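Could you put together the complete structure from these sequences and hints?
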Amino acid sequence: MTGGRAHCGLHRWYIYAIHGLLCEVMFTATCDLVTSNCWKLRGVSSIWAIFIYGTAIFVIEKMSLYLEGKCHLLWRCLLYTLWTYTWEFSTGFLLRMFSSCPWDYSHFSGNLKGLITLEYAVPWYFGCMIAEQVVIKNTLRLQIIQDGQKN
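Under numbering that gives the first Met the number 0, the sequence shown has 70 at position 71, and the numbering climbs by one with no breaks.
Incorrect hints may have been included.
Below, a list of computed lysine to aspartate or glutamate pairs in the EDC-like style, where the Cα atoms sit at most 20 Å apart [said to hold, decoys possible]: (1) Lys61 / Asp31; (2) Lys39 / Glu23; (3) Lys136 / Glu67; (4) Lys112 / Glu87.
For the record, the hints were derived by calculation from the structure and aren't laboratory data. Remember, it's a predicted structure, so these values are computed and weren't measured experimentally.
Now the structure itself:
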């Protein structure tokens, strides 16, 4: 498309937030199916996830734009995963101070203060890869077309 203008940062943040929230709901529904054979596919999340995922993926977008061409995809995804763990721990720590943290990984063997767990490293890694290669790249291609403009 030509003639349109790119979406502003707030629009992209919103897309990333909704994407993250939906992925979390699908992930928790799938985990419930696998662990309890429950076909209701009830996924759960928290309203906090909107802010957390929107901001996390928005930062990954900025990192991606800076690192692409300078760093191989596999290394970028490792950096994104480290960022994701840092962000998850930080937001979880802050929310826990107000008794509002919606997750607790204390029952996982590779957890740090129940706020992050190494058991999710591989899903986070591939989730970051999908975020960069699919979600971010396509979101950056979206354009706003004014009425009367040809696409």
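Worksheet item: Which hints from the list above does the structure break, by number from lowest to highest?
Response: Number 1 only.
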